[in-house]
Amino acid sequence: MEHAAAHTGGASIKAYMVVFGTLAVLTVIEVLIPLRFGFPKNVQVILLVFLALWKALLVALYYMHLRYEPQRLKWMVIAPLPLAVILVMAVLTEF
Amino acid sequence: MTTQAAALDRGGMDATEVGMGVYNMKLGMWVFLLSEVMFFTSLIGGYIILRGAHPDMFAQPGVVLNVPLTAFNTFLLICSSVTMVLAFAGIERGDQAKLKMWLIATAVIGMAFLGVQVYEYIQLSGHGFVPTVEGYRAEGAPLYGTTFYTMTGFHGFHVLMGVLALWYLVIQAFRGKYTAGSHGAVEITGLYWHFVDLVWIILFTIVYLI
Chain R
6 MEHAAAHTGG ASIKAYMVVF GTLAVLTVIE VLIPLRFGFP KNVQVILLVF
56 LALWKALLVA LYYMHLRYEP QRLKWMVIAP LPLAVILVMA VLTEF
Chain E
172 MTTQAAALDR GGMDATEVGM GVYNMKLGMW VFLLSEVMFF TSLIGGYIIL
222 RGAHPDMFAQ PGVVLNVPLT AFNTFLLICS SVTMVLAFAG IERGDQAKLK
272 MWLIATAVIG MAFLGVQVYE YIQLSGHGFV PTVEGYRAEG APLYGTTFYT
322 MTGFHGFHVL MGVLALWYLV IQAFRGKYTA GSHGAVEITG LYWHFVDLVW
372 IILFTIVYLI
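First to last, the protein sequences are chains R and E. Each residue of the first sequence is one higher than the one before, counting from 6 in our numbering. Each residue of the second sequence is one higher than the one before, counting from 172 in our numbering.
Calculated directly from the structure, the hints in this document are not laboratory data. Any given hint might turn out to be false.
[Unchecked claim] Simulated restraints, written as ranges between beta carbons of each label pair:
| hint | chain 1 | residue 1 | chain 2 | residue 2 | range |
| --- | --- | --- | --- | --- | --- |
| 1 | R | Leu-97 | E | Gln-267 | 46 to 56 Å |
| 2 | E | Ser-353 | R | Gly-43 | 19 to 29 Å |
| 3 | R | Leu-58 | E | Pro-239 | 19 to 29 Å |
| 4 | R | Leu-40 | E | Phe-345 | 36 to 46 Å |
| 5 | E | Tyr-339 | R | Ala-20 | 21 to 31 Å |
| 6 | E | Asp-227 | R | Leu-92 | 21 to 31 Å |
| 7 | R | Trp-59 | E | Lys-348 | 30 to 40 Å |
All C-beta atoms in this analysis are idealised placements derived from N, C-alpha and C, irrespective of residue type, glycine included.
Can you build the whole structure from these sequences, using the hints too?
Given below as structure tokens:
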């Protein structure tokens, strides 16, 4: 079982806590960007989307253990993401 | 133990999907979550399109919505994610006490998230920001109320389902159902819970900050 546990998380408790701390800090930065920093709107949007995607990626890779899953499952998870983009772009074009 | 065998062993399940290298329940949860990606993409995409077409109808961050309160709620959800992985890490080592403690913590924090969301709804509706035709027009922001309540409401519903699942896990944990060799339900419920957290990270940015 030791082998299985190592495979599962990669995931030491320390790694979980580092991710937690990173998520918390990034959230604080996110909140400060629109409320305190005087960036132009388009710069704000780029920064906020980048930070949100970074946080989402951390959750998926470490808390959902995707980083340690078999390669085929990773591809299965990645597959619908371009479809999601296509969905939004297609509707945008039609609108 | 090979990597694939380890992955299959994790759930302690008889039924396995050898081709994907994970047990069936877990594969099923991932497929479900991927359908949820498309579901929330539709909602978020609709919001982006409507907001892009009618920018004057949507308020800037902090004007209508309470960003600090929701930032606190976001922090709560992040905390619940870490307690969930700690519960999982606990049962992987066969530690029943940690499993129970962290599962209860996760469920309680999830309920706190919902409580804050209900409080937010009460505050907003008290100021006339409600998801009805007359209501959102009262704010001078047509579409804003409808899209806001639709997205956050559907997410809140997902959190509610997650909390119910977590309390079910707590009950089963106290019955001694999970062991180091058999805890697939804890893992797949965790996957769902983290996905709900992940969606909120995106929603918080798009609805409250941009």
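Could you tell me which of the hints above the structure violates, numbers in ascending order? Of the numbered hints given earlier, the structure breaks just one, which is hint 2.
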